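> Sequence:
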Amino acid sequence: MTELPGPLKIFEFSRKEALALFFLITAILVGTGIKYTIDQHWWLPKTEVVDTNPESIKLKIDLNRAEWYELIILPGIGEKKAKAIVEYRKEVGTFKNLAQLCDVNGIGEKTIKRFEALVFIDGD
Numbered sequence: 001m002t003e004l005p006g007p008l009k010i011f012e013f014s015r016k017e018a019l020a021l022f023f024l025i026t027a028i029l030v031g032t033g034i035k036y037t038i039d040q041h042w043w044l045p046k047t048e049v050v051d052t053n054p055e056s057i058k059l060k061i062d063l064n065r066a067e068w069y070e071l072i073i074l075p076g077i078g079e080k081k082a083k084a085i086v087e088y089r090k091e092v093g094t095f096k097n098l099a100q101l102c103d104v105n106g107i108g109e110k111t112i113k114r115f116e117a118l119v120f121i122d123g124d
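So in our numbering, spot 102 of the sequence shown is number 102, and the numbers just go up one at a time.
Hint data in this document are derived by calculation from the structure and do not stem from the laboratory. What you are looking at is a predicted structure, and each value in this text was computed from that prediction instead of being measured. Glycine included, every Cβ here is placed at the ideal spot set by N, Cα and C. Careful: at least some of the hints might be erroneous.
As the list claims (entries may be wrong) - Beta-carbon label-pair distances, calculated as ranges:
id, residue 1, residue 2, range
1, Y36, F120, 40 to 48 Å
2, E87, G31, 41 to 49 Å
3, H41, D62, 30 to 38 Å
4, I61, E109, 12 to 20 Å
5, K83, A27, 19 to 27 Å
6, H41, R15, 51 to 59 Å
7, I72, I25, 17 to 25 Å
8, K58, L24, 49 to 57 Å
9, R65, I34, 38 to 46 Å
10, F22, I72, 45 to 53 Å
Said to hold, decoys possible - Result set (BS3-like, lysine-lysine): computed pairs, CA atoms no more than 25 Å apart in a straight line:
id, residue 1, residue 2
11, K58, K96
12, K96, K110
13, K83, K113
14, K35, K16
Using the sequences and the hints given, assemble the complete structure.
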């Protein structure tokens, strides 16, 4: 190996060490580049929230077709009650009216009043 001048002497590496260091630095740079690219979500279209007022959302959920994970967005309905609604529907059949929800464990008239404007019952 050739002699390096001054303070660079401390960085004398064997050929294997230099090669290992090169691959390590390259891997770090490539990994950082990939992470940056993924974090930028460059392949997704840009979206913008125009109005976040909850009253402006016109959402209606069909109680006879909704899955439990769709029902949990209703006020007063968590995962447990949503799963109970779906289970009741599987056992008894489709809902004919909102009052039938009172037959589901944990759901009463007050709970129904909180979300009645957000749901509908399809007659199919």
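> Quick check: which numbered hints come out false for this structure?
5, 6, 7, 14
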